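There are 2 protein chains.
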Amino acid sequence: METSEQFSNKQKQISISEFFEKNKHFLGFDTLQRSIITAVKEAVDNSLDACEETRILPEIRVEINRLKGDRIELITQDNGPGIPRNDIENVFGKFLLGSRFHAIRQTRGQQGIGITGVVMYSQLTAGSKTQVISKIGSDSSAVYVELGIDTRKNRATKSGERREIWLDDLTGDPVLHGLRIRTVMRAKYQRGRQSVHQYLRMTSIVNPHASISLVVRDRNGEMIEEGNWARTTEKLPREVSEIKPHPHGIHLGSLQRLLREAEERKMTSFLRHNFSGVSMRAARDILAAAGIDEGRTPRRIRAEEAQEMVSAFQKVKLLAPPTDCLSPIEDLLIKKGLSKAIDSRFASTITRNPKVSNGNPFQIEVGLVFGGNLSAEGPIEVLRFANRVPLMYQQGGCLLTKALEAVDWKRYGLEHPGGRGIPKGPAAVLVHLASTNVQFTSEAKEAVADNEEVFEEIRLAMLEVGRGLKNHLKKNSQRKKAREKFELINIILPEISRKSSQLLSREEPDLAPVITKIMDAVFCEEELDWDDERKLAICSITVYNYTARARAYTILAKWPEEDGVRIDENALGGRKEAKGLWAWRLDTLNPGSSTTIFFTVSGLTKGEWSEVDVFYRGNGEVIGATKIDEKLLDELRKTEALAAAELELEQQTETMGHLSDRAEHNSPDPATEPTEQVQPTLFDNYEAEE
Amino acid sequence: METSEQFSNKQKQISISEFFEKNKHFLGFDTLQRSIITAVKEAVDNSLDACEETRILPEIRVEINRLKGDRIELITQDNGPGIPRNDIENVFGKFLLGSRFHAIRQTRGQQGIGITGVVMYSQLTAGSKTQVISKIGSDSSAVYVELGIDTRKNRATKSGERREIWLDDLTGDPVLHGLRIRTVMRAKYQRGRQSVHQYLRMTSIVNPHASISLVVRDRNGEMIEEGNWARTTEKLPREVSEIKPHPHGIHLGSLQRLLREAEERKMTSFLRHNFSGVSMRAARDILAAAGIDEGRTPRRIRAEEAQEMVSAFQKVKLLAPPTDCLSPIEDLLIKKGLSKAIDSRFASTITRNPKVSNGNPFQIEVGLVFGGNLSAEGPIEVLRFANRVPLMYQQGGCLLTKALEAVDWKRYGLEHPGGRGIPKGPAAVLVHLASTNVQFTSEAKEAVADNEEVFEEIRLAMLEVGRGLKNHLKKNSQRKKAREKFELINIILPEISRKSSQLLSREEPDLAPVITKIMDAVFCEEELDWDDERKLAICSITVYNYTARARAYTILAKWPEEDGVRIDENALGGRKEAKGLWAWRLDTLNPGSSTTIFFTVSGLTKGEWSEVDVFYRGNGEVIGATKIDEKLLDELRKTEALAAAELELEQQTETMGHLSDRAEHNSPDPATEPTEQVQPTLFDNYEAEE
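Top line first, the protein sequences correspond to chains R and V. Taking the numbering used here, the leading residue of the first sequence gets 1, the next gets one more, and so forth. Taking the numbering used here, the leading residue of the second sequence gets 1, the next gets one more, and so forth.
Here chain R stands alone, though its shape is the one from the complex:
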């Protein structure tokens, strides 16, 4: 029998490098196929982060060459800021060394694990050093160095360091700034849904400001795959600021550490300096609620008092944390990205307002495309992204998928057997979670861990795009029915009429009033085309009056109004009713007649606008259009006016500092807050469903 002493004498400290070497599957190096994708991902994420932080439009090249056996050479190069000489070995050769670990803002990498994992995997499986060339703007030459890892000590081993002028492979010009990595590893290159190509393609969807290229060569040097994703916008993602933690997310243990290490002398300053969302008034309220004197020294606060503070954080009204730490992709770019990648008939996107979970701001964006070339067989395609990084593995275990599955898609027109799992049909759904702290289930960052608030936000976003889909399908089906009825009547009635006239030797009667009477409907048909030559979206809306009475309508259409986008040709004139909403008053429409509104919109690119929402004002129903909700329209106009006024005010007071007019909000336990209802939006006279 082994005694407990013998047992414990073997206790030994394991270095973090040894830990990850043994558990390389935690980092995404579980199979040969996945390892190359993981390596590309870590390099590209770093490049995109570095470019974004230094406000450079990224140019990223990925080169993959198959070598003897199951070894692969990977080369990545960017035009980022480069890494200063003294930091290179730490970035590549040391786990858990990072600049962003404690910062609260949206970034792709955070933990100081990714690229070090690549160096480790390369050394472990191919016994290979990783070659790095780094050029920073202020140096005249680039640093060349080869790196490995001493896993027992978690530190880099360095060799062959030298300085040289770095000439670009393709252009031959000296490189101003950038980073090039070359490494060899055991891996298997494959095509298809889980491939480097797909990873980069998806990356380009959510990073439209990046230009990315891929070349893959076989052992004989022959190119076997390539990809070229040019940027579709010159606009860099919003610059994100670092924020302080919000009291709502603070654990007792963290508060105690902050108190212990505080240099402030008074509790009010302590609260104001260390947290976001705490005004002077809020600080006083918190201290009063916790029964702590404002003048107390933070370091002297006792455990029970800290516990009282944590309770007070949940009771006192606090400002929401600032959300300039987040960088959403935004509706239009999502639509653009999706339609670049997927050929579909209908697209609906939504960027929700930022929310807070455990003190971490986050924001959900969802896009849904339907029809077109998408396969109607099998489950819909799910594209998952976290902080602009595609997630390609562990779909089933990911919160983003679970929230999608929690929606009853049958209500929104997709097949959803048993209401479980991924719905079926010719659709694809994109989900993007932007957060200062994406909680993944593991270091490989492929699946988001459970979180009730994030789940609920995604679900609500899904309901919104789902409703768009439902309306689209409903409109289509109504129109199809009306058209079928119309065609039927137009064929059969004259037929009957002719036969019976012949039989009775009478003249054929005028059928128009009869047809109108049978149809007894007004219907509206819109068409949206893209003129590739003139770079114009061409829209026509036709209203048919198949009723027995004359009709009068105002027709309204949603269009993607923004800077640089405008309505060009528009013979009927009309007027702006609200931002993105144009209205035309039609002349009286007689029974059996129709009229057409025709207009063009310039300043868009293909795919940015794929569906016209048509509304009407007038009596009765118009099949294919939605009656406008005047009350909501009024509210919208007010909000707009308010926003404009606020903008003006903000510009005036900008020099006065960051005085926030945001309403203070009090957030009780979010689990108990009723969140079942979706706020109705202007263009949606949504009714309770069966």
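Keep in mind that the hints are not guaranteed to be accurate.
Only some residues are given here: those of chain R computed to face chain V with a beta carbon under 10 angstroms [unchecked claim]:
hint, residue
1, Lys-12
2, Phe-19
3, Phe-26
4, Arg-34
5, Gln-123
6, Ser-213
7, Ala-312
8, Ser-327
9, Met-392
10, Gly-418
11, Glu-446
12, Glu-456
13, Asp-529
14, Trp-530
15, Thr-626
16, Leu-633
It is worth saying that the hints were derived from the structure and are not from the lab. Owing to the predicted nature of the structure, the values given are computational and were not obtained by experimental measurement. All C-beta atoms, glycine included, are put in the ideal place defined by N, C-alpha and C.
Starting from the known structure of chain R, arrange chain V on it as the hints suggest.
Then chain V, alone, in the frame of chain R:
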């Protein structure tokens, strides 16, 4: 614009404690509901491991008390070996400090993370210290100490240490050896499928040698839930030995490190000492294939030569690694455990032979139960285990689930819409992966990462139990049909006969020959009952001859033969045909007659034997029994004789050391090895399916 220098100056080493504090969801502390389960799991796993290593039959008590707010007090206590005073702070207060990290053998914990995570979570969320009482057998008193973690430095903070006689709470007696942990944390206690209760229940299924109890109390001290799982066997799991790595799983980088640190002077000794599965001949073959002199000094081997060695490892015939590093649960105990937990009609279990993946021995066990109280609605229940630890989260992302889903269950009698996902029906499947290196997707150890060889083994095991289910269902359905036919004929024929006899005023004819002619079948019905008073399994097998000719058969039945289990009453006598297979030669069976075999089996417990497989030898078909395959039976007998001879030989040569007669095997790339076919087994004249 932030320059690259500014950016990189913020680089900072993060301690592993800080890393896990920020990423506590990696450790299973993502929601309040899950956190308490994770904490119980870590404590119980440690207790079971420590008891197993020191060969103690474990007695584990778990006590949960709800406190004010969302805080919970957790107390766990075991009768394990205890932890020596000087090691306590390292075990509880330091991440990545472990005794088993480098050892190759099957254990529950390995990484030195689990229980330290509990101490960290308790400190973070409740600001609470963890109280530990440890008593080792050789000390006269127990150590009392309170522990926290200094996360910046990854080390324990210790207070209030003292020595005292530890008296057991329940008995009041001094505790001889054991460990007691008390901690407070933010958590939410819940019941149901994902609960502490369910976790302990599942743990008891695969650890039948452990006695486990649970008490949960509300804030007012009232007991709201309890559980008591007594051990069902006194047999401790097989003692596992530590083995050396097998060359098949060695990466180039690891080999290079071993070479660098080698103290051997010759390459042959290096290979023999550092690896398992390498005989002297194999060592010579490897060196010859790699072009390396046997006498070379390991430390002088160059990188290219090491690469050649790695290639040679795959080419040269090597012994399989020893599998005494594994401890499977074994068929009988799985069946016992399953039938203790689930009331079902049919159970089929399989323990596959150990296999090797990347040099790591592993073994798959699967159990399937069907019918009884199991719900026919919805997907079947999947019980996942790795190294005797229940996996309760991330079911969708787990290799064990994926392998189950890869089987076409429709062929085996379960509903499986679209052949995707979890099949439906009144069944539950248990999967156990025993391995020296279970590769989880994260530190929380809830899902197994992808691995082709493990996947294939599970799939094959599923096919085997699936075939059992299919035969069971087929037999049931055949019998049901025959019985229906029989009943119908027995009702209708006499009816017709009577009517027509009356009509014709004739005497009724003897119908027996007619009925026999119409039925024209022999059928066999067995019944298995459990006599709870006498602790006997009671089995009867009845054969009916509904054909026109006299019949003669030998009937054979499978029974769970092993030490201590024997056939008691058995009026017909018969003889043993092979291990676990008894045969009775029946007297000639005349048309229209039947005969019954009746026997009892003692030495079993309820649920251990739930299904009798019946075979026959003779002409024609017997509905409800399977014709025995004489060729396979012969082979089985030979194997048995061989095994007996080997056992004798082994006992003779035991003193001569560990001379292995195992055949050397050469394992090519397993991915290319055809593994589609399942070996037919004796009791299975399995045919190609539609």
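Comparing the hints with the structure gives:
1. Lys-12: Since the shortest Cβ distance to chain V is 7 angstroms, the answer is holds.
2. Phe-19: holds (6 angstroms)
3. Phe-26: Because about 6 angstroms separates Phe-26/R from the closest Cβ in chain V, which is inside the 10 angstroms limit, the hint holds.
4. Arg-34: With Cβ-Cβ at 8 angstroms, under 10 angstroms, it holds.
5. Gln-123: holds (5 angstroms)
6. Ser-213: Result: violated, 23 angstroms to nearest chain V Cβ.
7. Ala-312: violated (13 angstroms)
8. Ser-327: violated (15 angstroms)
9. Met-392: violated (13 angstroms)
10. Gly-418: Where the cut-off is 10 angstroms and the nearest Cβ of chain V is about 8 angstroms from Gly-418/R, the hint holds.
11. Glu-446: Constraint on Glu-446/R satisfied, holds at 8 angstroms.
12. Glu-456: violated (14 angstroms)
13. Asp-529: violated (38 angstroms)
14. Trp-530: violated (37 angstroms)
15. Thr-626: Nearest chain V Cβ about 37 angstroms off; hint violated.
16. Leu-633: Where the cut-off is 10 angstroms and the nearest Cβ of chain V is about 42 angstroms from Leu-633/R, the hint is violated.
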